[in-house]
Amino acid sequence: GAVVSQHPSWVICKSGTSVKIECRSLDFQATTMFWYRQFPKQSLMLMATSNEGSKATYEQGVEKDKFLINHASLTLSTLTVTSAHPEDSSFYICSARGRLATSYNEQFFGPGTRLTVL
Amino acid sequence: EDQVTQSPEALRLQEGESSSLNCSYTVSGLRGLFWYRQDPGKGPEFLFTLYSAGEEKEKERLKATLTKKESFLHITAPKPEDSATYLCAVLTGSARQLTFGSGTQLTVLP
Chain A
1 GAVVSQHPSW VICKSGTSVK IECRSLDFQA TTMFWYRQFP KQSLMLMATS NEGSKATYEQ
61 GVEKDKFLIN HASLTLSTLT VTSAHPEDSS FYICSARGRL ATSYNEQFFG PGTRLTVL
Chain B
1001 EDQVTQSPEA LRLQEGESSS LNCSYTVSGL RGLFWYRQDP GKGPEFLFTL YSAGEEKEKE
1061 RLKATLTKKE SFLHITAPKP EDSATYLCAV LTGSARQLTF GSGTQLTVLP
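The listed protein sequences correspond, in order, to chains A and B.
Residue numbering for the first sequence follows this note's numbering, beginning at 1 and increasing consecutively.
Residue numbering for the second sequence follows this note's numbering, beginning at 1001 and increasing consecutively.
Think of the hints as simulated: they come from the structure by calculation, not from any bench.
Treat the hints loosely; a few may be bogus.
No farther apart than 20 angstroms at their CA atoms in a straight line, the calculated lysine to aspartate or glutamate pairs in the EDC-like style are these [as the list claims (entries may be wrong)]:
| # | chain 1 | residue 1 | chain 2 | residue 2 |
| --- | --- | --- | --- | --- |
| 1 | A | 41 | B | 1017 |
| 2 | B | 1063 | A | 106 |
| 3 | B | 1042 | A | 52 |
| 4 | B | 1042 | A | 88 |
| 5 | B | 1059 | A | 106 |
| 6 | B | 1059 | B | 1045 |
What you are looking at is a predicted structure, and each value in this text was computed from that prediction instead of being measured.
Sequences are here, hints too, so could you generate the full structure?
Here's what the structure looks like:
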């Protein structure tokens, strides 16, 4: 149990276009979802936290108009990178925490999405 | 401010050579300490959650322990497939998200 999927696993786009990444909790209800960004050889950097049906809370320095997050249901969150530029190229990872029999605190991660902006 | 420090940054072991990874933390009100494994180009894979000092959990060749100041991830007789980056993270009473350490990159040589 506790599986989180992401789609797509990789995407290449031209500068100025928008890209949407989906994150789904497959076998549990995710009351909270998180979006991270990871640069090579570095740890995860939290971008934003979203609760189902509420607006996302963004970390300091993260542009909310550039990284649009929607958590429309208990199993789906989306991250849209608007007007992408080469500096937005990175590895984006979502994670979910929710109603599990084992523990409410455990957080499970998706496989990540590699974004390359040309 | 919550702080999590992992050591060493990198560790190379021969197959079968047991060792330990360290995660030391300075937090207010620990709600849980988490260990994850991350392979290159993949998302972190959940390994363990520890909640209180003295707690231990095991999974195959891995054993995680927790004290009031640090956690250890013991790897017994590692195999090359154990090569990965191991991440430690804490969840505290004041925060609603995990604080990660920088990770230990483990390489097990055949």
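Violations among the numbered hints, reported as their numbers in ascending order:
Violated hints: 1 and 3; rest satisfied.
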